[in-house]
Structure formats: C-alpha cells, structure tokens
Amino acid sequence: MATTQSRTLAKMMLFPSVTLLLAWMIVPLCMTLYFSFLDYNLLMPGDNEYIGFLNYEFFLTDPAFIESFFNTLLLVGGVLFITICGGIGLAILLDQAIWGRNYVRIMVLAPFFVMPTVSALVWKNMFMNPVNGLFAHLAEFFGATPIDFFAQIPLLSIIIIVSWQWLPFAALILLTAIQSLDREQLEAADLDGAGPFSKFIYIVLPHLSRAVTAVILIETIFLLSIFAEILVTTSGGPGYSSTNITYLIYTQSLLQFDVGGGSAGGIVAVIIANIVAIFLMRLIGKNLEG
Amino acid sequence: MNSTNKSKVIYTILAWTISGMIFFPILWTMITSFKTESEAISATPSLFMFEWTLENYKDVLARSPYFDHFMNSVIISLGSSLLGLLIAIPAAWSMAFVQTKRTKNLLMWMLSTKMLPPVGVLIPIYLLFRDFGLLDTRLGLVIVMTLINLPIMVWMLYTYFREIPHEILEAARMDGAGIKEEIFHVLLPIALPGIASTLLLNVILAWNEAFWTLILTAANAAPLTAFIASYSSPEGLFYAKLSAASVMAVVPILILGWFSQKQLVRGLSFGAVK
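Going line by line, the protein sequences match chains F and A.
First residue of the first sequence? That's 1 in our numbering, and the numbers climb one at a time after it.
First residue of the second sequence? That's 1 in our numbering, and the numbers climb one at a time after it.
Note that these hints are calculated values from the structure, not bench results.
Heads up, some of the hints might be wrong.
With a cut-off of at most 25 Å between alpha-carbon atoms, the simulated SDA-like pairs for lysine to any residue come out as follows [said to hold, decoys possible]: (1) A:Lys262 <-> F:Gln179; (2) A:Lys104 <-> F:Arg210; (3) F:Lys11 <-> A:Leu106; (4) A:Lys262 <-> F:His207; (5) A:Lys262 <-> A:Ala218; (6) F:Lys199 <-> A:Lys8; (7) F:Lys199 <-> F:Phe81; (8) A:Lys114 <-> F:Ile272; (9) A:Lys114 <-> A:Gln263; (10) A:Lys180 <-> A:Ile195; (11) A:Lys262 <-> A:Leu187; (12) A:Lys262 <-> A:Ile195; (13) A:Lys101 <-> F:Thr8; (14) A:Lys114 <-> F:Ser6; (15) A:Lys101 <-> F:Ser6; (16) A:Lys101 <-> A:Met115; (17) A:Lys114 <-> F:Val270; (18) A:Lys114 <-> A:Leu214; (19) A:Lys114 <-> F:Leu73; (20) A:Lys114 <-> A:Phe161; (21) F:Lys11 <-> A:Trp109; (22) F:Lys199 <-> F:Ile178; (23) A:Lys6 <-> F:Ala194; (24) A:Lys180 <-> F:Arg7; (25) F:Lys199 <-> F:Ala189; (26) A:Lys262 <-> F:Arg210.
Quick list of the computed label-pair ranges, beta carbon to beta carbon [what the hints assert, rightly or not]: (27) F:Gln152 <-> A:Leu192: 31 to 37 Å; (28) A:Phe24 <-> F:Leu33: 54 to 60 Å; (29) A:Phe67 <-> F:Gly239: 37 to 43 Å; (30) F:Ser241 <-> A:Leu82: 40 to 46 Å; (31) F:Pro63 <-> A:Pro193: 49 to 55 Å; (32) A:Ile168 <-> F:Ile66: 57 to 63 Å; (33) F:Asp62 <-> A:Phe24: 53 to 59 Å.
Now the stretches of chain A that chain F is said to cover, found in silico as 3 or more residues with beta-carbon under 8 Å [what the hints assert, rightly or not]: (34) 14 to 25; (35) 216 to 230.
Here the structure is a predicted model, which is why all the values come from computation and not from measurement.
Every residue gets a Cβ at the ideal spot worked out from N, C-alpha and C, and that includes glycine.
Given only the sequences and the hints, what does the whole structure look like? Please build it.
In structure tokens, the structure reads:
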C-alpha cells in the first residue's frame, strides 16, 4: 500500500517533528559547546576570548565536581535500588487476591502525581524538620534524639524523598508486567513441587526482566536531572554534600554567571548521560524486538 | 476459614498497611491544611481531633496571586500539550502507517533526545530567551514544554496508531473514500481514545515539570511548581498555609492522574510494557 505518493506524504508529516527536535537538540548544544571554550562571564563583559580546554580543566579538577559526581551516582543508584526492590515487592503484593485492590492501587500511585516542589517541601517541613517535624515528634516520644535530616544526612534525605516519588511508577510498571505472566506456568511449577522462593527466582523474575529494564531506563533519564528537590530542601549543602551535577552546573551558570565554566560542565553532563544512554538504549532496543 | 481466605486476609492487611504508609504524607498534608498554624506544629499532633478551619485556604487565596499561578499552570500545560499533539500526530501517523527500514531508528533517535540532560542546553536557552524577551513569559514555557514532551507524545501515539488495522483503510478506499474522508471519518474516530490519553498524560507531565519552570520564570509566568517553591524560605509558622497551597496545587492533577493509570504505563515505558 506504500505508494510513492504516500511515501512523500509520510515524509512531509514527519518533517515538523524531526526538524523541531533536531533544532532543539543541535542548536543549543552547539552553542554550549562553543561557549565552553570561551572565557565568558556575564558579570565581566569582555571580548570573551578563546581559552581552549581551560574551562574543562577547571571544572573537572574542581573538588566540587568530584563530590557532585559521586553524589549523582549515589542518588541515581540509591533511588533505583529502593524503587525497584520496593516496586517488585509491591507489584507481587498487589497481584494477590485482596479486598479493595482498586483503593490500594490509587493510594500507592498517588505520590507520582505530586509535583516535585510540593513533595520536597512537605517532607522537608512536616516530616524531616528537626523541631516541628513528625519524625522529630516520634523520636521524642520514644525518648530518642531527633535527627536533623538535612544537616546530618542531606543526600540520604533527598534519596528518601525522590524514592517516595518514583516508587509508584516502578510498582505500576512492574504490576502491569506481572499481570501478563502466564498463570499455567506457575500452576505447573506448583505441581512440580516448587516453593514460592524458587517460583520467584525462576519464573517471576525472568518474566519481569524486560519491565525492570524499562524502569531503569526511564528513571535514570529523570533521576540524572534531579533539580527542584535539591533547590527547595538543601540548596546543595551543607557544603557540596547534596549537590548533584545538574545542581552544580545550575549554580555555576545562573548564580555565578560563569557561562564558560557552566557550559563546560553542561558538555560533561551530556557525555555522562550519553554513556548511560548508549548502554540503556541497547537494552531497550533488544527488548523492543523481542 | 479455609487457607485461601486466610491468606487473603493477611495479604489485604499487609497491602492496606503499606499503601497507607505510602499515601500518608499526602493525607497528612490534606489534614494539616485544615488546622491552625499552632496546631500544625503541635508536639502531640492529632489526626482528626482538632478544630477544623478554612482560614489557610482563605489566606493563601487572599494574600498571594494564587489564582494567577494556577492559570499559568493551566495555560502552560494545556497549551504545550495541544501544540505538541498538532506536531506529533502527523509524525506518529506516518511512522505507524508507512513503515520503512528507518522507522525504528527514527523512534530510537527521538527517545534519545529525551535523554539530553537539560543542563546541556541550559545556558543557550537562557540567553536566547533573554535576547528574544521570552524569559518569564507563558509563551516561552509553552515552547520549551512542547519540545521536551514531543518525543513522549510521538512514541505514545505511535503505539496507539500501530494497533489500528490497515484493512480498515483499505476497505474505506475500496468504498471510494478520499484522503480527507479517510482521516476524518475513519481514522480519527478510532484514534481518538489514544489521542485523548496522550493529551492527558502530557498535561500531567507538564503540570509537574520543575526544572525549566523554576529557571525560566519569575513573578509573571510562574506556574504552581515555582509558586510553591517560594515557600521554601521559612517566614515563621507556615505549615498549614504550605499545606493548603500544596493541596490546591496537587489535587486537580491527582484526580486526572487516577484516570490515566493505564496510559501512564504505556506512555512512560515507551511501549516496552503494555
């Protein structure tokens, strides 16, 4: 049915999307690349000289970069670990015959629809505040010393908040996947005398691998760029202890107006994201065919 | 009680306990929004036994341009989703109906643009917006939101359109339908549910987006994400007001979200999970 005419039409229909996405990707990215080789600060108008790789050298050897690089890894890794383990558990639980399953589902899913600034501020003030927060009241009730979350464990606190936001997503995707599991296979395993643990390892887990891959891919895309949660809770501090790469580049670019340095950082972030992306795209590409 | 029923009871209790814990922060925010400020920080917090008040809602609405920010959120999320549909529908359509060897690569490439970290284009976008007078305007945000959600829209629509049987088109053609009738009388009615789901999911994503909205807006075009962020600098006791503002920002999208559960899976898993 694909005549030459319809092929031409198809190309025309694709044109706006492809052009816009190409422009959105290429133009600013080239500008970032260009700025990253200049000595360019908005506070110091000058002739913005070419300085080669100096911006990169400064950015990469800055202890703040090293720290925020590891913070980024911990943040992404920590949230992935919590949401995938918790998500598999929740998915299996919600797959059981229970009363009021729809209500349970609605409650589990809710945090995903809460905007990041709201969830961060609610957790920061009403739960994690060392004086008036609910956790502090609880600790005092049991006679323990309240934890000053954002001073003592800033990064972990942010990991907790972000995990709360993304757990519903992981659970929902994994639940959808679990529901497509062939029940006869489980019954056959039952007849063969397989226990719940070996059924989980040999049947459920392999069946979920594709969905887990999808969750890792999608969450990583979003988690690498965590920003609002840090901005409204710790502003990256104390020191750089809760700064991730996204937040570091934001402070450099828009708070210190260092266009050159911020751009070099931006390119570094793109390269890091690309390493992750190539790895993950291969996985999803394989999965899409299968 | 037989063993199936017993396990059903245990699983039900377990599921309600865990989901109650997950939902608790939202419930707590809702409850706190009806408390007085002094009750909101009380060392012996109470779930229901307190004097319910609507003062916080009145205060938030009276003392801040809450409604303006709400409208900004509506315009930005709905505007970018509609504009996005206009651009994405033809692309998804052509990929679903005229498959070529390059279709899969093109889809993967579109997905890859979604992986570009926003900080990679932060400075140019900020400077371009400044030079074109787009900083702190709704138009500027509509443009950005459309572009960042376009790949998701194309993907999602593609997975819906691909399920439309080709035979329907052929049958319509046999009956002498022109390209216009084909689109408006045959394809559009079948594709409408998919298009509506895509719209819904993108409104939700745009409503909650909190990188560009925080960076590119100030007082004028700030949607609710940015308005709520202004509560991060504490001015005395403000938990109850923060809660009231939060509830008003979250509840509309929470309700939309519950309707879009299934679409969420399809849309955000890029068709990998259905």
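Taken at face value, is the distance from the CA of Phe161 of chain A to the CA of Lys114 of chain A at most 25 Å? Holds. Lys114 of chain A to Phe161 of chain A sits at ~21 Å (cutoff 25 Å).
Under the criterion that the straight-line Cα-Cα distance not exceed 25 Å, is the pair Lys114 of chain A, Gln263 of chain A satisfied? holds (19 Å)
Next pair to validate is Lys262 of chain A with Ala218 of chain A; report whether the Cα-Cα distance is within 25 Å. Roughly 35 Å separates the two Cα atoms, so the pair is violated.
Is the straight-line distance between the alpha-carbon of Lys114 of chain A and that of Leu214 of chain A 25 Å or less? holds (19 Å)
Quick one, are Lys180 of chain A and Ile195 of chain A close enough, alpha carbons at most 25 Å? Holds, because 19 Å separates the two Cα atoms, which is no more than 25 Å.
Would the pair Lys6 of chain A and Ala194 of chain F pass a check requiring their Cα atoms to be no farther apart than 25 Å? holds (21 Å)
Are Phe24 of chain A and Leu33 of chain F spaced within 54 to 60 Å by their CB atoms? violated (47 Å)
Cβ distance range 31 to 37 Å for Gln152 of chain F and Leu192 of chain A, holds or violated: Since Gln152 of chain F and Leu192 of chain A have Cβ atoms about 53 Å apart, the given range 31 to 37 Å is violated.
Take the C-alpha atoms of Lys262 of chain A and Ile195 of chain A, compute the straight-line distance between them, and say whether it is at most 25 Å. holds (14 Å)
So if I understand the rule, the pair passes when the alpha-carbon distance is 25 Å or less; does Lys199 of chain F with Ala189 of chain F pass? At roughly 7 Å apart (the allowed maximum being 25 Å), Ala189 of chain F and Lys199 of chain F satisfy the hint.
Has the hinted range 57 to 63 Å been met by the Cβ atoms of Ile168 of chain A and Ile66 of chain F? Holds, since Ile168 of chain A and Ile66 of chain F (Cβ atoms, about 59 Å apart) stay within the stated range.
Measure nothing beyond the straight line between the CA atoms of Lys180 of chain A and Arg7 of chain F; if it is 25 Å or shorter, mark the hint as holding. Holds. Lys180 of chain A to Arg7 of chain F sits at ~17 Å (cutoff 25 Å).
Of the numbered hints given earlier, the model fails hints 5, 14, 27, 28, 33; all others are met.
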